[in-house]
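Colleague: First to last, the sequence lines map onto chains A and B. Read in the working numbering, the first sequence has 148 at position 148, and its numbers run on one by one without any break. Read in the working numbering, the second sequence has 261 at position 261, and its numbers run on one by one without any break.
Source of the hints: derived by calculation from the structure; they are not laboratory data. We treat Cβ as the ideally placed atom computed from N, Cα and C, and that holds for glycine. Treat the hints with caution; some may be incorrect.
[What the hints assert, rightly or not] Covered stretches of chain A, as calculated for chain B (at least 3 residues, CB under 8 Å):
#1 29-35
#2 197-203
#3 263-271
There are 2 protein chains.
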Amino acid sequence: MISQGSPAGVAPLVDELAVVGVGLIGGSFAAALRQAGQVGRVLGVGRNPDSLRRAVERGLVDEIVEPEEAARRAGLVLFATPVGGLAQVLARMRPHLRPGCVLTDAGSTKAEVVAAARAALGESVAAFVPGHPIAGAERTGPDAADPHLYQRRTVVLTPLPENPPEALARVRACWQACGAAVIDMDAETHDRVLASVSHMPHFLAAVYMAQVAAAPDAAQRLALAGTGFRDFTRIAAGSPEMWRDIFLSNRAAMQAELAAVRAVLDQAERALQDGDGAALQALLEHAAQARRGWRKETQ
Amino acid sequence: MISQGSPAGVAPLVDELAVVGVGLIGGSFAAALRQAGQVGRVLGVGRNPDSLRRAVERGLVDEIVEPEEAARRAGLVLFATPVGGLAQVLARMRPHLRPGCVLTDAGSTKAEVVAAARAALGESVAAFVPGHPIAGAERTGPDAADPHLYQRRTVVLTPLPENPPEALARVRACWQACGAAVIDMDAETHDRVLASVSHMPHFLAAVYMAQVAAAPDAAQRLALAGTGFRDFTRIAAGSPEMWRDIFLSNRAAMQAELAAVRAVLDQAERALQDGDGAALQALLEHAAQARRGWRKETQ
């Protein structure tokens, strides 16, 4: 059971919260809001009966409902599902949305989510505030949900021109109640920045790891791999399905970043070929200074 | 002061040890042998007076001597200096080598070291057993020296056909006394394997980090970078001079590995361009399985 606090005499931010997808991300959001005393009742929606049952057992969710009922009752709905299934569940909920209901999501890319939401919701897209909590963990599913997951994390919102200020304010307040810092950004900027600092490391780590594993002497290589290898490849162990979807969803931004990475790789390889120590050192200095200057080492 | 134990009534493996370069690697070797009671006296050789003085203050080294005197007195000499300066110091020591003296080194690449040793030592190269302790740390210099650095680490020896079995056995026994596991390999295999699992991650991490840092919106990117980025780029903060020398020293093997990495990168990028989810997922699965199967997570 997740403990519950409630500021005396103050109405919670959300009377009924619906969470579509009660895994790590959705379950942690519900748990954090409950711990902050900012939610009345939590409705769980999803396609995986085992996850839903575990979410109820853990006290993340009070009740399991169909999307239509969630739409009728909830003051806020968080979609924490793969973008592939988003359009369908939005279309089911659209005719039933409670007046004033605010919708938000937790997808890792935003341009595709916005397009899907516009297509599925029509004019009701004004209620949809796209978001992305930058928090992940090795573990997934309701058992991994943690009311502290979002503390000191950043949540990016990519508001639509149609979003009324109250809708934006409500989503912002909920994430802040979870302990997160909230920033706004347009969807294109979000996708470019995340392609660079989140998706590209996963792509490169997987490419590198696959190359090592495909070598005829892979076992000998892996036996001599040390701590540098360990850290560099850690993220290559992530969920293949999830990362496939993220890469495809953010394809245009990834392609642009890949071209930029290749340009630097070409320079570095040329310096190596030419035995150009000065050029190699300049590149390594640039990288080392930037990395040493990065302040988030403790996160 | 490093504490000293000495198995009662048993002669130590090395009566007088000379360490050329008394930083992390050389200082830790001396400290570990001393703690194991396997060394009589430690002679320090080097070009940096501050490092030599600190090594004496910390009890890593008993006495500072010139290379010629170290050659005359030492039963074992460890070269823990950049490969660039190795030929010169070997040439100075060669005419003075005590009969039966064994020479070894700790360089990160082996083909270039072997060539330099052959050129500098002539027939005396039989006394030179090339080695590479696979252990590093963020810190450098005699203050970072640690008698436990080599415990449960691997040391690769790349013996020469000329090495007498006694020389090889002495070097092996010393590293084992430091707590390391010792394996033999030919120099070419060593350089290929290390290019893959040690040098390539540093090269790619630096290329990636330099690309992010060069973006016009680098500050915004770095502000949103999280734990995946943190681990993937950690090694990009390493010493630019040291890694420049390693890349150049292992140039041929690095170029071969880069070609193999590019081939997988090309495949992955093509799958992305084509929106080929099955191909992307196959690559990600291959990488994830290989990484999850790697057993050294705890190192």
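Colleague: Hint compliance check: list the failing hint numbers for this structure, sorted ascending.
Modeller: 1
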